[in-house]
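**Student:** Residues per chain, in single letters:
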Amino acid sequence: MSYLPKPKLHHPKLPTNAIGLTRRDYEGAISTLCAGCGHDSISAAIIQACFNLSLPPHRVAKLSGIGCSSKTPTYFLGAAHGFNSVHGRMPSVLTGAYLANRDLIYLGVSGDGDSASIGFGQFAHSIRRGVNMTYIVENNGVYGLTKGQFSATSDKGSVAKKGNVNTDQPIDLAAIAVQLGATFVARSFSGDKEQLVPLIEAALLHEGSAFIDVLSPCVAFNNHPGSTKSYDYVREHNDALNRLDVMLPRQEITASYAPGALTEVVQHDGTILRLRKLHDGHDPTDRASAMHYLMERKAAGEIVTGLIYVEPEAKPLHQNLGTVAAALNSLGDADLCPGVDALERINASLR
Amino acid sequence: MPQPITATNDFVVKFANVNGSGSASANGLFAKSILRMGVPIASRNIFPSNIQGLPTWFEVRVSEAGHMGRRGGVDMMVAMNPQTWDRDVAEIEPGGYLFYDSTRPMPKSKFRDDITVIGCPLTEITNNAYSDPRQRQLFKNIVYLGALSALLDMDVEAVRASIAAQFKGKEKLVPANFAALEMGRSWAHENLACPIGLRLRKADAVGDRIFTDGNSAAALGAVYGGATVCAWYPITPSTSLAEAFEKYCGRLRKDPETGAKRYAIVQAEDELASIGMVVGAAWNGARAFTATSGPGVSLMQEFLGLAYFAEIPTVLFDVQRAGPSTGMPTRTQQSDLLSAAYASHGDTKHVMLLPEDPAECFAFGADAFDLADRLQTPIFVMLDLDIGMNDWLCAPFKWDPARKMDRGKVLDAAGLDAAKTFGRYLDVDGDGIPYRTWPGTHPEKGSFFTRGTSRDRYARYTEDGAPYVDNMQRLLKKFHTARSIVPHPIVTLAKEKARDGVIFYGSTSAAMREALTALEAQGIHLDAMRIRAFPFHDDVAAFIAAHERVFVVEQNRDAQLRTLLINEEEIDPAKLVPVLHYDGTPITARFILSAIADRASAANVLPFRKATP
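As given, the protein sequences belong to chains A and B, one line each in that order. If you read the first sequence in full-length UniProt numbering, its first letter stands for residue 1, the second for the next number, and so on. If you read the second sequence in full-length UniProt numbering, its first letter stands for residue 1, the second for the next number, and so on.
Please note that a few of the clues may not be correct.
If you want the footprint, here are the derived chain A segments under chain B, 3+ residues with CB under 8 Å [claimed, not checked]:
#1 74-87
#2 98-112
#3 131-139
#4 231-238
#5 339-350
Residues from chain A that keep clear of chain B, each with C-beta distances beyond 12 Å, as calculated [what the hints assert, rightly or not]:
#6 71
#7 91
#8 128
#9 157
#10 192
#11 327
#12 334
Calculated lysine to aspartate or glutamate pairs in the EDC-like style (CA-CA distance at most 20 Å, straight line) [what the hints assert, rightly or not]:
#13 B/398 - A/283
#14 B/202 - B/64
#15 B/261 - A/40
#16 B/478 - B/572
It should be emphasised that the hints constitute simulated quantities derived from the structure, not laboratory data. Even for Gly, the Cβ is constructed at its ideal location relative to N, Cα and C.
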């Protein structure tokens, strides 16, 4: 059962991060997903990214919708508040939470059913508003909890476990996020932790709508020949754009690379995203070229992974709204109640 | 021809206009000028779902006695819309008055013999005075206001003062409006028999009351109640509530030094997202609300179930309109009671507040946030179009300077350190209300997982029957706790001992009070109870038990409050007599009077005896 606590004992020499926590401090309850589920690898990557960044776990708010992917926030950051909300509606709940307190780190976890079907509208609107969040879709192209129906990200021609063929066009959430104005868009693969962990780190540090589409094979219903979301298929067709290193502002840069192979993007908070280019012809700070590249590689039958687009000087929703610097949930009576005199003036104006 | 109606400070004038013609401003000036004379009025807009071109009406009931409900019937029609001429003329009471633009001759068949017809060549007057077509249209409204002021013997200084107040900040427009007013006034004095039988006389019956609409008042209540997050989706008749919140916040809630906002308003993509944002913000410790109407409540059902079950303090203003479906979007009803009270699938019950006028919209608008925090559950504030979108003369807004927000049972870091144990759904105090924590409070303690799935007292997921039942029973206990802390019902006893009673709520109150006076004059005595909240206070069942029969007056087809009374208080349905008005217009005292008088007198009939030969 998922609520069984894990033993808190751990090896005394387990490495600690800048705030003195071990990797174990970022874990949650034991997963109840199937053995080998891609989602568990993503949970592990989230744990690793938060540990690497030395985030205080309780300052993260983790939100999800409904589905296999949406169960996973129970399995990481046990010291953080979590909210398993309504199917497809995580983005609105997260938006509200962010409005209430701009000081926490918001991590939204969703699936392809949750975000590309029932919650497509909320996915779109939360991104176009510039909610400061990391939005991860654990994309397996299938409805797992209801046993194997196609989802809206299933590729046309993909074969279901029962043998039926999907005839509908797939929704590419990453391409749509680019089009909607997301200021950070990446795609990765649950089986490639080396690529995924730094992408999550960069997304968590990004001040704006950061979206990561993570292909995450479903071992129970979508990992067979003929599926385009199986481990084998994704490995064979993975076209990695770049490899990312995330440099915190005060970090000393030690690694050295061949000139011309590097792109550095400095984010608003001073973090440096250092990209080792694996492909020519893709500039991750050019939205139009990112769109073009995605379309072109899709036509060639490849799955583009890596950092697809980043806008270093993003302007998140609170900034657009012009709200005060303090969290709205910290304001007290003196800040909020205009008082009796103001009310008397209003009464007078209504006579 | 019947005798022309004569009445002073007690009559109804109705304006028939074309939407978008600029008449609203002149009609508003007419209403405010009467108030300025110290004479109470009740005014109502009757408007279509349209921006320009369709008919719209404005009804002003002048009532020195202070009756604020709609009276029914029209003593004077200001017929400015050819499209609706026939029905407008037909609506005038025998002996009443018709005021119209006589520039173009009308066939005699278009008039009635039993009314006084007053023609004024408004188009001709404005065409001669102005060359710009827009000015001709706008000033025509002021010209008829001038003519009416002469016909009804209005205090011209009150009218001029109202114009000056209306154009405050745009003073250069005042002389032109004064001139148009005088044009109409002098034409009437020179060409018509002024004044007519309907007259206004200065009085001192307005007192310190204010004149405002319920949506603005509720929005101001939300400002005073400490709401910081508003997420909404435009829908008539609630839109002006969210817009008023933005307007008041702009004036009252900005950091005086930086101009930064101490509030966040998001116009969401739909009602699902609106309520989702409210739930997210409230979960995270902000006071948050949405404003909507019946169709929006339908869309929010799933989230309302989550908010009930996960115990999130949520405030929802439902400005009711006529349903079902799109229904009559610009007409009033009290027909969302059941869909609000039991919103969402599974066993749910929700708290509703039922304000009677803008003063209570303000009070309940603020109280709703304290109640939501105290009870950790959705609170519906049930306005309707009649209260929400019409200006009402009501008591001034009141605020206790010592009042502080009651955030309910929230544990901060120190509280968590001091607490022996923390279980999100643990009933520590025996009132069914658990303690909650906000995200980010404590590095080690107080975190929990919020979910719509079943869980135990420590918020741990479970599908076992016993903890599920335990939780559902606690929610019932909490709902019982709510009975005593929501606004109590108000009882008005009849002057003589009464066998029967009447229950009413919301915007019915004004018409009901007037009807009670009229019933009393007919010798029908009723004790009256105004219900102000659901769940019902214990006094409600006691009131019903103390009477043989209780009329339940509401503005819906299916007697929804009566249904709640039967369902929640186990009242014998035979005891509760429904009095239902639901054609989309506000209920009138005349309607209630005849509905109750018919039934009450039927009960007073002497036993039938064979006629003796």
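**Student:** Take the hints in turn and mark each one as holding or not.
**Tutor:** Results of checking the hints against the structure:
Only residues whose C-beta sits within less than 8 Å of a C-beta in chain B count toward coverage, and the region 74-87 of chain A has 10 of them, enough to reach three; the restraint holds. Residues of the region 98-112 of chain A lying with their CB closer than 8 Å to a CB of chain B number 6, which satisfies the three-residue condition for coverage. For a cut-off of 8 Å, the count of residues in the region 131-139 of chain A with a CB near a CB of chain B stands at 0, and the three-residue condition is violated. By the rule of at least three residues with a Cβ nearer than 8 Å to a Cβ of chain B, the coverage given for the region 231-238 of chain A is violated, with 0 such residues.
Only when three residues or more bring their CB closer than 8 Å to a CB of chain B does the claim for the region 339-350 of chain A stand; here the count is 7, and the claim holds. Against the 12 Å criterion, residue 71 of chain A falls within the reach of chain B, whose nearest CB is about 9 Å from its own CB. Once the 12 Å rule is applied to beta carbons, residue 91 of chain A is inconsistent with being away from chain B; the minimum gap is 8 Å. At the 12 Å boundary, the C-beta of residue 128 of chain A falls inside the reach of chain B, the nearest C-beta of that chain being 9 Å off.
With a least CB separation of 32 Å from chain B, residue 157 of chain A remains clear of the 12 Å interface cut-off, as annotated. Even its closest Cβ contact with chain B, about 29 Å, leaves residue 192 of chain A beyond 12 Å, as expected for a residue assigned away from the interface. Distance check on residue 327 of chain A: its Cβ comes as close as 8 Å (rounded) to a Cβ of chain B, failing to clear the 12 Å threshold; non-interface status is violated. Listed as outside the interface, residue 334 of chain A is inconsistent with that label: its C-beta sits roughly 10 Å from the nearest C-beta of chain B, within the 12 Å cut-off.
Among the hinted pairs, residue 398 of chain B with residue 283 of chain A is inconsistent with the structure: their alpha-carbon atoms are about 61 Å apart, more than 20 Å. Distance check on the hinted pair: residue 202 of chain B and residue 64 of chain B sit about 10 Å apart at the alpha-carbon level, within 20 Å; holds. At most 20 Å may separate the alpha-carbon atoms for a hinted pair to count; residue 261 of chain B and residue 40 of chain A exceed this at roughly 41 Å. Pair hint residue 478 of chain B plus residue 572 of chain B does not hold up; C-alpha atoms about 26 Å apart against a cutoff of 20 Å.
Of the numbered hints given earlier, the model fails hints 3, 4, 6, 7, 8, 11, 12, 13, 15 and 16; all others are met.
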